[in-house]
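From first to last, the protein sequence lines are chains L and W.
With my numbering applied, the first sequence corresponds to residues 1 to 98, in that order.
With my numbering applied, the second sequence corresponds to residues 1001 to 1802, in that order.
Check before you lean on any hint, since a few could be wrong.
[Unchecked claim] List of simulated lysine-lysine pairs, BS3-like, C-alpha gap at most 25 Å:
#	chain 1	residue 1	chain 2	residue 2
1	W	K1060	L	K82
2	W	K1060	L	K80
3	W	K1285	W	K1296
4	W	K1296	L	K56
5	L	K56	W	K1718
6	L	K36	W	K1791
7	W	K1737	L	K56
8	W	K1292	L	K82
Note that these hints are calculated values from the structure, not bench results.
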Amino acid sequence: MPIGGFVVNLHPDKIPEGLARLEMMEGLEIHGSDEKGNVVVVLESQTSEQMEEMVKDIMAVEQVLSVGLTYFNAEDEVEKIKAGTYVPERSFGRKPLH
Amino acid sequence: MGLSRREFLKRTAALTAASYVGMNLPVSLEGEAQAADADSWHPGTCRLCGSGCRLELGVKNGQAVALRGISKSRTNFGYLCMKGMLFYKLMGQNHPERLKKPLYRAKKDQPFKEISWDEALDIAAKEFAKAVKAHGNNSVAYYGSGQALTEETYIFQKIMRGGLQTNNVEGNPRLCMASAVGGYLTSFGADEPIGSYDNFERASCFFIIGSNTAEAHPVLFRRIMRRKMDNRDRVKVINADPRISPTSRISDLDLVFEPGTDLAMLNAMAYVIIEEKLYDEDFLKNYSVFRKGKDKKQVSFEEYKKFLSAYTPEKAAQICGGNITAEKIRTAARWFATSEGTMSIWTMGINQRSRGVWANNLIHNLHILTGQLCRPGADSFSLTGQPNACGGVREGGGLCHILPAHRLVKKDKLRHQVEKLWGIPQGRIPPKPGYHTMAMFEAVNQGKIKAIWINCTSPAQSLPNCDKYIKGMARDDVFMVVTDIFPTRTTELANLIMPTAFIFEKTGVYGCTERRSQLTRKAVDAPGDARPEVWIVREWALRLSKELNDPVIKKCVEPFMGKEPDYELPKAIWDEYTQKLTKDRDNDLRGATYEVLEQLPDGVQWPAPTKEFALKGGTDIKFVRGIDPLADKHAKNEMPYQFYGPAHPDKKLWIWLRPQKGPQEMPDAHYPFYLSTGRVIDHWHTSSMTGRIPELMRANPYAFVEINPKDAEKMGIKPGDMVEVTSRRGRNILPAKVYVGPCEGMVFVYWHDMYSDRMINRVTNDVWDPGSKEPEFKICACRIKKVSGPKPLKPFIVQMKS
Chain L
1 MPIGGFVVNL HPDKIPEGLA RLEMMEGLEI HGSDEKGNVV VVLESQTSEQ MEEMVKDIMA
61 VEQVLSVGLT YFNAEDEVEK IKAGTYVPER SFGRKPLH
Chain W
1001 MGLSRREFLK RTAALTAASY VGMNLPVSLE GEAQAADADS WHPGTCRLCG SGCRLELGVK
1061 NGQAVALRGI SKSRTNFGYL CMKGMLFYKL MGQNHPERLK KPLYRAKKDQ PFKEISWDEA
1121 LDIAAKEFAK AVKAHGNNSV AYYGSGQALT EETYIFQKIM RGGLQTNNVE GNPRLCMASA
1181 VGGYLTSFGA DEPIGSYDNF ERASCFFIIG SNTAEAHPVL FRRIMRRKMD NRDRVKVINA
1241 DPRISPTSRI SDLDLVFEPG TDLAMLNAMA YVIIEEKLYD EDFLKNYSVF RKGKDKKQVS
1301 FEEYKKFLSA YTPEKAAQIC GGNITAEKIR TAARWFATSE GTMSIWTMGI NQRSRGVWAN
1361 NLIHNLHILT GQLCRPGADS FSLTGQPNAC GGVREGGGLC HILPAHRLVK KDKLRHQVEK
1421 LWGIPQGRIP PKPGYHTMAM FEAVNQGKIK AIWINCTSPA QSLPNCDKYI KGMARDDVFM
1481 VVTDIFPTRT TELANLIMPT AFIFEKTGVY GCTERRSQLT RKAVDAPGDA RPEVWIVREW
1541 ALRLSKELND PVIKKCVEPF MGKEPDYELP KAIWDEYTQK LTKDRDNDLR GATYEVLEQL
1601 PDGVQWPAPT KEFALKGGTD IKFVRGIDPL ADKHAKNEMP YQFYGPAHPD KKLWIWLRPQ
1661 KGPQEMPDAH YPFYLSTGRV IDHWHTSSMT GRIPELMRAN PYAFVEINPK DAEKMGIKPG
1721 DMVEVTSRRG RNILPAKVYV GPCEGMVFVY WHDMYSDRMI NRVTNDVWDP GSKEPEFKIC
1781 ACRIKKVSGP KPLKPFIVQM KS
């Protein structure tokens, strides 16, 4: 269950529209924004897969110019790896070449 | 009131982000009795590109659990990208596929079996010694990496040259940076950029060419974006590229030229600058000369003008095709010349060309003509792809023709200096450069190289026309050692695999794009029996010395004996390299000791001859008196700029007459499309690291072929259709992405996929630039054909057979 702190940059001409789009996203909390288009965002998800999808979704928002990660914590996942209850997904095709 | 653990972490995340943009949030963590979010935080450098982003790794119970940016770092000001966010999963015990034991097989069709380190090192020493005895010193080779630490590259090349007496020392930066090196040396007389990243905040015009900065260097792109958005009327962004990419989101002018026509376009910009008298007459007079041809003949300004008459904007627009017009070229030239500070930025689109050095020269020409150098915001700045291509390989002696600290192998005086500094007999290092990368793997194909050590890179996937070279690496009479952290397409061809420590599992220095050296100390244990390379090389060298009965090999590692491998050993190697080898060289790093590097959030920019100077950060602009201590030291007159670079005896900048030259393979009736290749944001290089992070694989699980909608319509190709991409060398079958990215007549394929039908380097061309020996990955001719409708595909990553 990773938690990430981000600065999302909106196009300065399109801040209200951009914020409106971000606010609709689940698992995304807006902690503040300024007139330059900086938006402080915290993402929280059940799995890192979800987090990844969320970042992708943010980047696809038309008003977004960049997404900068500043803090990331995955202690839950590491605990699970250690306990053996979670194995980072092994890659898919196992077919050796030779 | 106590917060829940998750609430505590969320607040920590929010406050960290807010602090970066100076925002006050109505929450705080004051008085919270919570345990901290990590037991300890360890500063270091992200290793997943060449930007040199500084971050802290949070360790809890001995394992990497968190990351945060270092906001005081002048490379990234604390920002990271998605690659950085997820690489904790590669570390320590966190990934099940890490290589953990030495593995060996005598023949390449046998399965690997686990062996001890003693056995592994004995085998490596015996096989290299056997090759040397039977086939001579040049039958062995080292092929390294811009991802290896400087200490690693340095000690490997020391053993190869001083110990095994061969200059067969190469590395994958040959595939990405060699043309930039050639460009800097021939235009400015010295390798590596003059300025720094801080020009991002000072430039008024950005000329981005052959670089999808938004996806390949997202954290640096953020700085450019911020500069543009905060000064929208004053700052112009020009994006010159055959492919529209997310970088165009902030551009004022897009120059979409046909692949391989960049030299004409750059010459046309120079034409406009001269025609409209936008050049800096004083700068030209004081600091530059014009030259042409192999013999570097000096020519007059008039001759240069005459040469440019073939490149009027009208003529160039015809050559460049795409959407280029004469007016666009004129606008670009005017913005470039007249801005308060123009910064050019480029990467592989310029370097990976059969005339990559010339393309670099022509960008530098524009800066010399307009005096857009050495002052705030003005710079001709090549971005690096790997974290230590500059530091380790270019500076540390990691290519076949250079010794540590920018010394040419072929210069007797410089070679003998190195022998003396190493305390080995004069004449020990052979005077002839070794095989460059493509020649090295051709020699492997021909069985001339009998033992090769490949460290931290995967040539079986990353060489152009790779099928041809895989055959050589698969030969049973070529003994191959691979040191890496994961199985790759190259470990599949090895006899001996040695598991190594990853970043933060060992100690050492990376030198990023802007001449900046940064230290990362060990923070977590490597998994299983994985070891740092510096230990592996030292122990191997001792055995080699015995096998060959040659005490000089032992002498090469004598200063490093008895040092523990996690800190003392790399420190001793760094000390020898910086204190002895860089002394009085242009990359003087004597001030950048571990002690100094540990005190700084972001490291030191060379030249930095003293500790005092290094503690202030070093040199942010080379060649400027009062800023660069070597400019003062080497000053020949009172002029403010002193171009003391070792490659130009006249101490001038050279403007080159370089004609338009297309790619070596042009589209024709049989292969009518241009094929270009590149990177997407989630994946890096051959994806042996990023491909193992499930999130990244999910975002772009396999490579696509991007096709312009107009071409797709003509060819009857719909999104998702399976398309065969064929060149004279090989073919891939990939799903189509129909997309206004590539211009008409061009297709674009991502190069990270390991699946054999989607490894695009089976299709690319292995011709190379005659100057830099860098291959032309970016352009070849291909044909495309729909083979079926969409098919479900599975992502593929190499697994270890055991």
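Verification of the hints:
1. W:K1060 to L:K82: Distance of about 12 Å is within 25 Å: holds.
2. W:K1060 to L:K80: Status holds; Cα separation ~13 Å.
3. W:K1285 to W:K1296: 19 Å, holds
4. W:K1296 to L:K56: Violated, at roughly 50 Å.
5. L:K56 to W:K1718: Given pair K56 of chain L, K1718 of chain W holds - Cα atoms ~24 Å apart, limit 25 Å.
6. L:K36 to W:K1791: 45 Å, violated
7. W:K1737 to L:K56: Satisfied, since the Cα-Cα distance of roughly 18 Å is no more than 25 Å.
8. W:K1292 to L:K82: 63 Å, violated
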